[in-house]
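Taken in sequence, the protein lines are chains V and H.
Per the numbering used here, the first sequence starts with residue 3, numbered consecutively.
Per the numbering used here, the second sequence starts with residue 3, numbered consecutively.
These are calculated hints, taken from the structure and not from any lab test.
These numbers come from a predicted model, not from an experiment.
A few of these clues could be false.
All copies of an identical chain are treated as equivalent in the list; a pair is satisfied when it fits inside any one copy or across any two copies.
Claimed, not checked - Below, a list of computed lysine-lysine pairs in the BS3-like style, where the Cα atoms sit at most 25 Å apart:
#1 LYS51 with LYS6
#2 LYS197 with LYS257
#3 LYS19 with LYS84
#4 LYS33 with LYS84
There are 2 protein chains.
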Amino acid sequence: MVSKNKANYIISLQKKKVRDEERLFVIEGDKLVKEFLLARAPVKTLIAKPEFLNSLPLFLKQGVAEIIPASYDELKRISTLKTPHNALAVIVIPENIPDPAELKKGLTVALDCIQDPGNLGTIIRAAAWFGLKNIYCSHDCVDEYNPKVIQASMGAILHVNVFYTELNELLRKAAEINLPVFGTMLEGESIYTYKLASKGIILLGNESQGISNGLLPFITDKIVIPRLTDDSSGIDSLNVSMAASVIFSEFTRSKGRQL
Amino acid sequence: MVSKNKANYIISLQKKKVRDEERLFVIEGDKLVKEFLLARAPVKTLIAKPEFLNSLPLFLKQGVAEIIPASYDELKRISTLKTPHNALAVIVIPENIPDPAELKKGLTVALDCIQDPGNLGTIIRAAAWFGLKNIYCSHDCVDEYNPKVIQASMGAILHVNVFYTELNELLRKAAEINLPVFGTMLEGESIYTYKLASKGIILLGNESQGISNGLLPFITDKIVIPRLTDDSSGIDSLNVSMAASVIFSEFTRSKGRQL
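With the hints as extra help, turn the sequences into a complete structure.
Printed below as a string of structure tokens:
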């Protein structure tokens with residue numbers, strides 16, 4: 003049974019402030035919870051229907067600090083979803099410390115003020131698919147552990163490091179080591195013909211404002227996804243997560259990147 | 003002022019059944035409403051704050067059957083959004099009749115049971131960007147005029163024809179005229195190396211089930227977006243709208259498609 007205190011505590015983790023203080027976040031969903039258990043993520047509390055708990059092999063449960071069987075109604079109460087899944091887990095936020103040496107090794111993603119949680123989750127998922135391991139977010143991006151980000155990323159946060167940082171410091175560092183910074187902008191050159199690199203930073207801007215003025219001087223390579231529509235009205239941009247997918251794909255193809 | 007009857011009528015259009023009967027749908031947002039006016043779409047009712055109405059050039063208002071100035075609270079009442087925009091309009095659903103001759107002219111998109119409105123809207127937006135003019139949806143896809151689809155498509159429905167049809171009939175027709183049908187599946191060949199065509203049908207399947215079994219025999223060309231991650235757990239698929247963006251982009255690039 004989920005005590006009232008426990009329920010309130012888990013609900014309080016829907017707030018970023020509480021997550022930051024407690025260094026905990028919540029994941030929901032049978033598949034997602036299994037993935038975190040399989041990946042040996044530090045699961046503090048697992049709350050699930052008895053059927054779900056019984057279906058788990060013993061070795062997956064061994065590392066879990068606390069396991070609480072719960073009814074549908076109890077899960078519904080603590081869930082952010084209208085229809086709760088069978089399982090929910092509280093996970094310890096990992097200490098992610100960026101390693102500047104990683105920058106030189108390949109492609110890094112930098113996100114400037116991405117505010118829609120669905121977009122951030124989708125970008126993390128696309129990064130994972132295309133083997134991009136590190137995403138740097140400006141401090142005004144939505145929180146990686148926002149429930150809607152987790153839901154859209156579909157477990158991809160297990161495979162991608164997300165750091166929150168001052169992007170101008172990151173980009174200054176990139177300039178010091180002569181790392182190209184690719185920025186998407188209308189006056190850029192087509193990604194289909196531009197010589198893309200296998201190392202560098204892919205900088206993506208806010209949903210409606212684009213890349214901040216303060217960051218524009220750091221862009222060394224201006225690129226664009228060519229638009230093939232005959233009428234510009236209405237179609238003035240691709241959604242940033244779609245643009246990210248297309249750009250990641252094109253970097254992948256053009257360099258014949260492989261594992 | 004928006005009468006109670008009018009308000010209830012507009013709210014009733016949030017239901018697909020009512021939209022189908024009345025042949026009307028609702029759009030929200032200053033930018034979107036302006037785009038529909040500029041495109042000379044058949045606007046039946048325009049409800050907006052006086053400031054918005056005053057800012058419109060006269061010629062844009064001339065074709066509108068009914069114009070109602072409204073307060074913030076009145077707009078809030080009829081809006082699907084928590085925070086309403088300054089303008090909302092009721093539009094006549096166009097009579098979209100598919101032209102089979104169009105199939106031979108270029109690339110057509112076929113969507114099998116896409117259920118998430120955000121995904122359908124995003125796919126329509128990507129299609130518009132990449133100049134794909136025709137999308138055929140199976141009858142179990144979400145409705146094109148669902149408010150969330152409209153919101154995600156960002157005006158792109160003005161530029162793309164969306165038809166609801168029996169996909170097996172469409173694909174049978176394609177087979178009769180030797181048109182390739184491209185289907186994304188795990189065992190497909192990489193889109194980066196596969197010889198893509200400038201004509202044919204791009205078939206995309208349901209968010210979790212993929213392409214229906216009944217449609218698989220129609221696929222002539224199996225393709226896949228290569229995954230570049232070193233661990234398959236968790237990253238078992240790209241979101242369908244991201245996959246659509248990447249595939250549309252790759253068809254565009256590889257054929258050097260132009261207007």
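Evaluation of the provided hints:
no., hint, verdict
1, LYS51 with LYS6, "within (17 Å within a copy, 46 Å between copies)"
2, LYS197 with LYS257, "both (9 Å within a copy, 18 Å between copies)"
3, LYS19 with LYS84, "both (23 Å within a copy, 23 Å between copies)"
4, LYS33 with LYS84, "within (18 Å within a copy, 31 Å between copies)"
This entry satisfies every hint, going by the numbered hints stated previously.
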